[in-house]
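Colleague: Read top to bottom, the protein sequences are chains A and B.
If you use UniProt numbering, the first sequence corresponds to residues 1 to 764, in order.
If you use UniProt numbering, the second sequence corresponds to residues 1 to 351, in order.
Calculated directly from the structure, the hints in this document are not laboratory data.
Hints may be right or wrong, so weigh each one.
[Said to hold, decoys possible] Some residues of chain B that are not near chain A, with every Cβ distance over 12 Å (derived):
| # | residue |
| --- | --- |
| 1 | T26 |
| 2 | L36 |
| 3 | K39 |
| 4 | F62 |
| 5 | W69 |
| 6 | G88 |
| 7 | P99 |
| 8 | G132 |
| 9 | Q160 |
| 10 | G166 |
| 11 | N204 |
| 12 | R212 |
| 13 | T273 |
| 14 | D274 |
[Unchecked claim] Taking CB as the label site, the calculated pair distances span:
| # | chain 1 | residue 1 | chain 2 | residue 2 | range |
| --- | --- | --- | --- | --- | --- |
| 15 | B | K344 | A | R506 | 38 to 46 Å |
| 16 | B | S156 | A | A743 | 41 to 49 Å |
| 17 | B | S153 | A | L478 | 42 to 50 Å |
| 18 | B | S156 | A | K575 | 27 to 35 Å |
| 19 | A | K575 | B | M167 | 21 to 29 Å |
| 20 | A | R506 | B | S121 | 48 to 56 Å |
All C-beta atoms in this analysis are idealised placements derived from N, C-alpha and C, irrespective of residue type, glycine included.
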Amino acid sequence: MAVDDVPLDEKVKKTRDLLSSFYSQDTSQNSAPVNTTSRFATLDTINTTSFDADQYMNLLVQKSNMEGLLQRHVEMAAAEIKNLDTDLQMLVYENYNKFISATDTIKRMKNNIFGMEVNMEQLLDKITSVQSRSDGVNTSLFEKREHIEKLHRTRNLLRKVQFIYDLPTTLHKCIKSEAYSDAVRFYTGAMPIFKAYGDSSFQDCKKASEEVMSVIINKLQDKVSSDSESIQARAEAVMLLKQLNFPVEKLKSKLLEKLEQFLEELDLSKEISMDSANPHESPDEGIESDSILPLREVPTREFVEVVHAYHVILPDSEQQLVKLVHDFTTRHFEAAKRQIQEQISSAKLSNRLRFIWTDVLLIDEVLPEAALQDFAFEAACVVVKQYVTSSFSHLVHKISDTLLQIQKDGLGVEYPLMAALEASRNTLIQGSIKVLSDIRNLLDEDLGLLLKFRDMIVSWVLEGFQTFFKQLDDQLLLLSGKNVPTDKVPPGLVLVMAQLSVFIERDAISRIIEEIGSSLFGGSYEYGGSVFVPAEICHTFRSAGEKFLQRYINMRTQRISVLLRKRLTTPNWIKHKEPREVHMFVDLFRQELRAVGSDVKQILPQGLTHKHSRTESNGSTSSSLSNTLRDNRSNTNRARSQLLETHLAKLFKQKMEIFTKVVHTQESVVMTIVKLCLKSLQEFVRMHTFNWSGFQQIQLDMQYLRITLKDNADDEAAVEFLLDEVMVAAAERCVDPSPLEPAILDRLVQVKLAKTMNQEPLAS
Amino acid sequence: MQGGSTGIGYGLKYQARCIADVKSDTDHTSFLTGTLSLKEENEVHLIRLSSGGTELVCEGLFSHPNEIWDLASCPFDQRIFSTVFSSGESYEAAVWQIPELYGQSNSPQLECIASLDAHSSKIKCVLWWPSGRHDKLISIDEQNIFLWSLDSSKKSAQVQSQESAGMLHHLSGGAWDPHDVNIVASTTESSIHFWDLRTMKKTNSMDHSHVRSIDYDSKNKHMLITAADESGINIWDLRMLKAPAAELPGHSHWTWAVRSNPEYEGLILSAGTDSAVNLWFASPSNEELTYDSVYTSTAKWTESLLHSYSDYEDSVYGLSWSSREPWLFASLSYDGRVVVESIKPHLPKKL
Numbered sequence: 001m002a003v004d005d006v007p008l009d010e011k012v013k014k015t016r017d018l019l020s021s022f023y024s025q026d027t028s029q030n031s032a033p034v035n036t037t038s039r040f041a042t043l044d045t046i047n048t049t050s051f052d053a054d055q056y057m058n059l060l061v062q063k064s065n066m067e068g069l070l071q072r073h074v075e076m077a078a079a080e081i082k083n084l085d086t087d088l089q090m091l092v093y094e095n096y097n098k099f100i101s102a103t104d105t106i107k108r109m110k111n112n113i114f115g116m117e118v119n120m121e122q123l124l125d126k127i128t129s130v131q132s133r134s135d136g137v138n139t140s141l142f143e144k145r146e147h148i149e150k151l152h153r154t155r156n157l158l159r160k161v162q163f164i165y166d167l168p169t170t171l172h173k174c175i176k177s178e179a180y181s182d183a184v185r186f187y188t189g190a191m192p193i194f195k196a197y198g199d200s201s202f203q204d205c206k207k208a209s210e211e212v213m214s215v216i217i218n219k220l221q222d223k224v225s226s227d228s229e230s231i232q233a234r235a236e237a238v239m240l241l242k243q244l245n246f247p248v249e250k251l252k253s254k255l256l257e258k259l260e261q262f263l264e265e266l267d268l269s270k271e272i273s274m275d276s277a278n279p280h281e282s283p284d285e286g287i288e289s290d291s292i293l294p295l296r297e298v299p300t301r302e303f304v305e306v307v308h309a310y311h312v313i314l315p316d317s318e319q320q321l322v323k324l325v326h327d328f329t330t331r332h333f334e335a336a337k338r339q340i341q342e343q344i345s346s347a348k349l350s351n352r353l354r355f356i357w358t359d360v361l362l363i364d365e366v367l368p369e370a371a372l373q374d375f376a377f378e379a380a381c382v383v384v385k386q387y388v389t390s391s392f393s394h395l396v397h398k399i400s401d402t403l404l405q406i407q408k409d410g411l412g413v414e415y416p417l418m419a420a421l422e423a424s425r426n427t428l429i430q431g432s433i434k435v436l437s438d439i440r441n442l443l444d445e446d447l448g449l450l451l452k453f454r455d456m457i458v459s460w461v462l463e464g465f466q467t468f469f470k471q472l473d474d475q476l477l478l479l480s481g482k483n484v485p486t487d488k489v490p491p492g493l494v495l496v497m498a499q500l501s502v503f504i505e506r507d508a509i510s511r512i513i514e515e516i517g518s519s520l521f522g523g524s525y526e527y528g529g530s531v532f533v534p535a536e537i538c539h540t541f542r543s544a545g546e547k548f549l550q551r552y553i554n555m556r557t558q559r560i561s562v563l564l565r566k567r568l569t570t571p572n573w574i575k576h577k578e579p580r581e582v583h584m585f586v587d588l589f590r591q592e593l594r595a596v597g598s599d600v601k602q603i604l605p606q607g608l609t610h611k612h613s614r615t616e617s618n619g620s621t622s623s624s625l626s627n628t629l630r631d632n633r634s635n636t637n638r639a640r641s642q643l644l645e646t647h648l649a650k651l652f653k654q655k656m657e658i659f660t661k662v663v664h665t666q667e668s669v670v671m672t673i674v675k676l677c678l679k680s681l682q683e684f685v686r687m688h689t690f691n692w693s694g695f696q697q698i699q700l701d702m703q704y705l706r707i708t709l710k711d712n713a714d715d716e717a718a719v720e721f722l723l724d725e726v727m728v729a730a731a732e733r734c735v736d737p738s739p740l741e742p743a744i745l746d747r748l749v750q751v752k753l754a755k756t757m758n759q760e761p762l763a764s
Numbered sequence: 001m002q003g004g005s006t007g008i009g010y011g012l013k014y015q016a017r018c019i020a021d022v023k024s025d026t027d028h029t030s031f032l033t034g035t036l037s038l039k040e041e042n043e044v045h046l047i048r049l050s051s052g053g054t055e056l057v058c059e060g061l062f063s064h065p066n067e068i069w070d071l072a073s074c075p076f077d078q079r080i081f082s083t084v085f086s087s088g089e090s091y092e093a094a095v096w097q098i099p100e101l102y103g104q105s106n107s108p109q110l111e112c113i114a115s116l117d118a119h120s121s122k123i124k125c126v127l128w129w130p131s132g133r134h135d136k137l138i139s140i141d142e143q144n145i146f147l148w149s150l151d152s153s154k155k156s157a158q159v160q161s162q163e164s165a166g167m168l169h170h171l172s173g174g175a176w177d178p179h180d181v182n183i184v185a186s187t188t189e190s191s192i193h194f195w196d197l198r199t200m201k202k203t204n205s206m207d208h209s210h211v212r213s214i215d216y217d218s219k220n221k222h223m224l225i226t227a228a229d230e231s232g233i234n235i236w237d238l239r240m241l242k243a244p245a246a247e248l249p250g251h252s253h254w255t256w257a258v259r260s261n262p263e264y265e266g267l268i269l270s271a272g273t274d275s276a277v278n279l280w281f282a283s284p285s286n287e288e289l290t291y292d293s294v295y296t297s298t299a300k301w302t303e304s305l306l307h308s309y310s311d312y313e314d315s316v317y318g319l320s321w322s323s324r325e326p327w328l329f330a331s332l333s334y335d336g337r338v339v340v341e342s343i344k345p346h347l348p349k350k351l
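Chain A on its own, in the form it takes in the complex (with noise of 0.2 Å):
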């Protein structure tokens, strides 16, 4: 059995486990089969529910010998009889003691609880005599706490109203004190009292404290108002006369306003500093610009700051901010405008942008919303395109300047249109050269405005040479008198443009090409598909070139048809008398002509020899002098067969063409210029009629044309010509012609020759 192994040193302990192994059925249910199945196969039931103590003994009998059985009762009987025994006694003794303590104790209790009622009736009597005193306490107390909690509340009530009554002096040392957020506070606190008595009772103290607070509110606007005051206590009196119920919106477009106004001052002392912000150019304003220039940023800046300052403190105002600092950039670029408009150099342009773009960059920081940089970019669009085209107008002014400058100072000079040519010529190539290097500054000019649309700019410069050359063929054109009367225009100046755009055309047009694809592309320039079209341009000139010339010529020989016409529509030609000299008018004439010879040798080349050429020519004419003058001197009845003849003459003798197109050239002026003067000459004559004195002052003149003419004019067969056919209408047109004796003629034109060497040297 297991409890064999149980150590006996614990009395209790042991007995207690004994009997519980004894009476506890699971212990020997697990501990009987391991122990009999080890001896005994069929006695293993003994510890088993279903164990049957006959069939069990009856079973040991049969199984065993008496040895066995033996043992077997020694084993059992021995020892755990034994022991079972003792641990029951032992059981019993306890149980005993533990009855006879409980019965001790139960005796001790019937004897204590005797005098316990009387004391609890005591004890009730003593509570109930205390509860009534206690009331009768409160009860006479209760009024005096009431009328206590009365007074308090009238005290309370009393500070509040002295509060209310302090206000104003308590404004007032906020104000001293300069805590206007106290001063707030109170008022705010105040204000549901004062409108609910602030008609009645509180009147005056309303009003008071009123007048204290607009006092405040001024001071808070002040302190908005004021740039001197930090950005928070800006921000934080803004607040408070939000607090206030201040209309902070007007108070808002009111510093606006400011700032706006602010603005304009400040872009007015801009313009003033700018102007003389470039002491290198002007060197007589350095003292000037050294006291403005260092003032040049600061306004910015404070503007700048403001406008971060609004940002913060003036909530919902973005939009306006906005707008201000876009008007702030405009103003920036009208500011250039003007100054473009006042032509400024390219460096001074590019200063101003760099301001400018230093500005935005700044305001950009403070006020991203604005989108700042993209608007400068429009406007800087806009400005940089205006400069280029102004540059390239006051360019073309320059040259009409230039130009017209012969009418100024010409007579000083002694080859005025020379001169005039030259610095025309040089103001053109110059300036085309000094845009283009403006441009090239600007361009290389690291600034962050310009680099965006440095091909539009490129593209700018293009398109403005093309109107450029446009625009100066236009001011060539008005100046040229297309639509003033001729008279104002001096010839030299036509005849200045003519060649003037002859330059342009030949050489002019390549410099520039060259110059545009040095300074703008680095290298060749491909004009391919660009606005510049130099073919078109050349071509304008040329025509150009041609009509200036040919009005110079008209010019000229209107001067001269003037001369001429007076000279045939004056006299009764009829009633003429005998010629006694050469008539004056063609010293005019040939005064006239010298002019046009000192102007030509001035600017124009010198021709090849000249050559007529029969395919340039569009008109002709030709001569029959020799046979009208030999029958006319002796016949005057055989018109009808001299007529034949004078036909007959024309289809034989070559013809010579006077109208040939005239080239710039002196000589191919000049002739051109003879020949329709002596054109004009022979028209006037067919439209008079002569008598044979009047006849003979023609013949004499014609005569003496022939001569001198041909110091002026390189082709003397056509002067000839032309005279011949002078000669022939006198004659047509004369009644009786007959001529001069040759002698006559001879003397009379020598005479007038000898007066004019000696009136020539004295005149030049």
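Start from chain A and add chain B according to the hints.
Modeller: Just chain B now, kept in the frame of chain A:
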């Protein structure tokens, strides 16, 4: 001879300056021309274009006293015309009637209907009432402008009214406004004056010097064409007289005569002392404003030289459109050669 001559020629015996279209001859294309010979017997030729249009036939040859400086045909009677003639010293003007021709061709005498004999200075031209049967005539001399009332049956002409151009002006020619018959334009050496015939007062004037020839545009009533010695041909808008509406370059030398086509608007013919006749086309452009027109006020016009007839030996002074066949014109050069040309080959397609 240069180039191929396309015109039909007719030779006068002497030099000549004037040729006129016989407007009232509706059956034939006829022209009247008179010679300018100081010393010879002058003639008036009535030339008719043959029915085939291939040659010019002399229909009548009439001797005329003195050289003829101006000749105008009566718009309602093909037998009546006026001339201005000079004996060298003095100028006269007369209205003539061609006698009925009864087959004989030996120079019959012209019948003088009326002598416009009120003039005292150099007579410049005679203008007929622009169209239709009307008895009014205008004659212009250097000093005065006369309005005549002509009675062809009574063979008399009365001065209705006259007005002096003023001391400073020497009249040189004129044109009768076909659109407003009360207006006559006259030219002086420095300006053009417009006269109202009802009051005989100048109503308007514009400055343009040395005008040789003046003609109203037959279609556009606001347009006036002038030709001047050196400044070529100008087209004026009568509503804006400050500056010409358009300018044509004219001729290499003087532009002597200018005529607008009676039928086709914009066709202008000019004759010059450079021995050429130019045919122009000029009309207000309907196109959008071009670059040029923005800068020059005159460029709203398209102008072009359609053709230059240069087959002449001398200055061309006489020029006249045919009113019956408006694509024909007759020109007369100083050497007495009449050339009738057709402009048809040179017309732009759109006409």
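Colleague: With reference to the structure, classify each hint as holding or not holding.
Modeller: Each hint tested on the structure:
With a least CB separation of 35 Å from chain A, T26(B) remains clear of the 12 Å interface cut-off, as annotated. Non-interface call for L36(B) relative to chain A: violated, since the shortest CB-CB distance, roughly 9 Å, does not exceed 12 Å. Residue placement check: K39(B) does not keep its beta carbon more than 12 Å from all beta carbons of chain A (closest about 5 Å). Residue placement check: F62(B) keeps its beta carbon more than 12 Å from all beta carbons of chain A (closest about 18 Å).
Non-interface call for W69(B) relative to chain A: violated, since the shortest CB-CB distance, roughly 9 Å, does not exceed 12 Å. Not every C-beta of chain A lies more than 12 Å from that of G88(B), the closest at about 4 Å, which undercuts listing it as non-interface. A cut-off of 12 Å between C-beta atoms confirms that P99(B) is not in contact with chain A; the least separation is 25 Å. With a least beta-carbon separation of about 33 Å from chain A, G132(B) lies farther than 12 Å from that chain, consistent with its non-interface assignment.
Against chain A, the non-interface label of Q160(B) holds: every CB pair exceeds 12 Å, the least being about 30 Å. Once the 12 Å rule is applied to beta carbons, G166(B) is consistent with being away from chain A; the minimum gap is 18 Å. Every CB of chain A is more than 12 Å from the CB of N204(B) (nearest about 19 Å), matching its label as outside the interface. At roughly 10 Å, the least C-beta separation between R212(B) and chain A is not larger than 12 Å, which violates its mark as non-interface.
Its beta-carbon lying about 5 Å from the closest one in chain A, T273(B) breaks the requirement of being farther than 12 Å from that chain. Under the 12 Å C-beta cut-off, the non-interface status given to D274(B) relative to chain A is violated; the minimum distance is some 4 Å. Between K344(B) and R506(A) the CB atoms are about 43 Å apart, so this pair conforms to the stated range of 38 to 46 Å. Our hint of 41 to 49 Å for S156(B) and A743(A) is violated, since their Cβ atoms are close to 57 Å apart.
The beta-carbon spacing between S153(B) and L478(A), approximately 60 Å, falls outside the hinted interval of 42 to 50 Å. Checked against the hint of 27 to 35 Å, the C-beta distance between S156(B) and K575(A) comes to roughly 34 Å, which is consistent with it. Taking 21 to 29 Å as the suggested C-beta distance range, the pair K575(A) and M167(B) conforms, at roughly 22 Å. For the hinted restraint 48 to 56 Å between R506(A) and S121(B), the CB-CB distance of approximately 55 Å keeps it satisfied.
Of the hints listed earlier, those the structure fails to meet are numbers 2, 3, 5, 6, 12, 13, 14, 16 and 17, in rising order.
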